[in-house]
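Q: The lines below spell out each chain.
2 protein chains.
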Amino acid sequence: MKKIPVMEIFGPTIQGEGMVIGQKTMFVRTSGCDYSCSWCDSAFTWDGTGKSTLMTAEAIVEQLQQIGGDNFSHVTISGGNPALHKGIAALVDLLKEKQIQTAIETQGSIWQDWLLDIDEVTISPKPPSSKMETNLEKLDEIIHKLSDRNISLKVVIFDDVDFDYAETIHKRYPDVPFYLQVGNEDAKTEENHNLLQQLLNRYEWLIERTIDSQVMNDAKVLPQLHTLLWGNKRGV
Amino acid sequence: MKKIPVMEIFGPTIQGEGMVIGQKTMFVRTSGCDYSCSWCDSAFTWDGTGKSTLMTAEAIVEQLQQIGGDNFSHVTISGGNPALHKGIAALVDLLKEKQIQTAIETQGSIWQDWLLDIDEVTISPKPPSSKMETNLEKLDEIIHKLSDRNISLKVVIFDDVDFDYAETIHKRYPDVPFYLQVGNEDAKTEENHNLLQQLLNRYEWLIERTIDSQVMNDAKVLPQLHTLLWGNKRGV
Ligand code: SF4
Ligand code: SF4
Chain A
96 MKKIPVMEIF
106 GPTIQGEGMV
116 IGQKTMFVRT
126 SGCDYSCSWC
136 DSAFTWDGTG
146 KSTLMTAEAI
156 VEQLQQIGGD
166 NFSHVTISGG
176 NPALHKGIAA
186 LVDLLKEKQI
196 QTAIETQGSI
206 WQDWLLDIDE
216 VTISPKPPSS
226 KMETNLEKLD
236 EIIHKLSDRN
246 ISLKVVIFDD
256 VDFDYAETIH
266 KRYPDVPFYL
276 QVGNEDAKTE
286 ENHNLLQQLL
296 NRYEWLIERT
306 IDSQVMNDAK
316 VLPQLHTLLW
326 GNKRGV
Chain B
96 MKKIPVMEIF
106 GPTIQGEGMV
116 IGQKTMFVRT
126 SGCDYSCSWC
136 DSAFTWDGTG
146 KSTLMTAEAI
156 VEQLQQIGGD
166 NFSHVTISGG
176 NPALHKGIAA
186 LVDLLKEKQI
196 QTAIETQGSI
206 WQDWLLDIDE
216 VTISPKPPSS
226 KMETNLEKLD
236 EIIHKLSDRN
246 ISLKVVIFDD
256 VDFDYAETIH
266 KRYPDVPFYL
276 QVGNEDAKTE
286 ENHNLLQQLL
296 NRYEWLIERT
306 IDSQVMNDAK
316 VLPQLHTLLW
326 GNKRGV
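So the protein lines, in turn, are chains A and B.
Residue 96 is where the first sequence starts when you use this note's numbering, and the numbers rise one by one after that.
Residue 96 is where the second sequence starts when you use this note's numbering, and the numbers rise one by one after that.
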């Protein structure tokens, strides 16, 4: 069985963003990414500054239960890009057996059949400010394969160009629930107080942009709750 | 046709709480409430300090379009308790005709057949700190009638006794998506800075309570985003 490179396992905490915002959940963060976004807030998963451990699905579930005890029924798999790892199939099966709900976030650049077995899939294509380029044919294919599943699109917004990109994506997949998320311009600072004000200001700006955009009439606009609460602290 | 007492119409803005948190929406706030919660944050709808206007469904839609133009496709009906008003049936029909999505929040004390035609129904029974008492038989009946609709339960939490109440409610209706919401202890202050810190502290406390509660494993815990952004300001 293929092992999974795990960067951190933590929780229970809440999901701070996206389609299941507020959900009580455990996190399994895998390492490695096929992207290198300019503003990546989990660069430690791929830039060599973090240390990962190769684990079997069983070992991961064991550690989840050791940390979370009986106080969880939901696990979020994040990264990096978890869709790099074939081995997650076994983890998803094992969690399903235990009637634990699963959620994932991936940028939509790589397909894995196990995505079909995840309860909540967030696909987060990266806007121009990331310096990455979206392979739209690949994204089409992935969204098509997941079309009868519980999925959503989420685009992080830093500026007007990103907003235009988000409009293009939303128009391309009008039937997929669409989330706009405030970008964190300083994913390193420990000055939580300034960060909080800055994030709320950016959130207000993003709401105004959304209000003015007819394309976004059915969109949802959200902050990252964990960043409002805990700044850039890891493992919360 | 029965007219509707309207306190305010505003938007587009975002829905700051509950099952469609972040959703771009217009608001129609009706006046009148069969409750008088100790901490009600819209007491002006029922305590005589606000002025309402009796409006037909057509006049409401006209005003929505005048204010919102083409920049909305979602309307939230709030109060007070909107379930006091039979006349909302015509409003819901009219919005449906125009393919506008509808959401509502009501405490679950009064039934209206038009609740069946609302796209997203939030039922928010009030915990002990409100000084109100929940009629559980009535709540059973309402939730039963809406059982195949898109509904959620939301309980605002101020203290441990409220949390115990929330656990009781969640256990009584285990299949209804369940939201815990931070209570705003000072719905009058204009000191937004202190309010923000206080709300974030209370949110952190509520997350910790939820993490420790096995009953709440599948719950969502949320703040009021509009209060974090704009304090107690009305009409935003
Ligand atoms: S796709 Fe996600 S994890 Fe990968 S570099 Fe971009 S932000 Fe970071
Ligand atoms: S039910 Fe809602 S509107 Fe009515 S008094 Fe209570 S908080 Fe206020």
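Everything labelled a hint here was simulated from the structure, so no lab data went into it.
Check the hints yourself; a few may be wrong.
[Unchecked claim] Derived BS3-like pairs: lysine-lysine, alpha-carbon spacing no greater than 27 Å straight-line: (1) 191(B) <-> 97(B); (2) 266(A) <-> 97(B); (3) 193(A) <-> 146(B); (4) 283(B) <-> 328(B); (5) 181(B) <-> 233(B); (6) 266(A) <-> 191(B); (7) 240(B) <-> 191(B); (8) 193(B) <-> 226(B); (9) 181(B) <-> 240(B); (10) 233(A) <-> 266(A); (11) 97(B) <-> 191(A); (12) 226(B) <-> 283(B).
Q: The structure should be examined with respect to each hint, and the outcome stated for every one.
A: Results for each hint:
no.: 1; hint: 191(B) <-> 97(B); result: 18 Å, holds
no.: 2; hint: 266(A) <-> 97(B); result: 40 Å, violated
no.: 3; hint: 193(A) <-> 146(B); result: 55 Å, violated
no.: 4; hint: 283(B) <-> 328(B); result: 9 Å, holds
no.: 5; hint: 181(B) <-> 233(B); result: 18 Å, holds
no.: 6; hint: 266(A) <-> 191(B); result: 22 Å, holds
no.: 7; hint: 240(B) <-> 191(B); result: 20 Å, holds
no.: 8; hint: 193(B) <-> 226(B); result: 40 Å, violated
no.: 9; hint: 181(B) <-> 240(B); result: 17 Å, holds
no.: 10; hint: 233(A) <-> 266(A); result: 17 Å, holds
no.: 11; hint: 97(B) <-> 191(A); result: 51 Å, violated
no.: 12; hint: 226(B) <-> 283(B); result: 19 Å, holds
When held up to the earlier numbered hints, the structure conflicts with 2, 3, 8 and 11 and fits the remainder.
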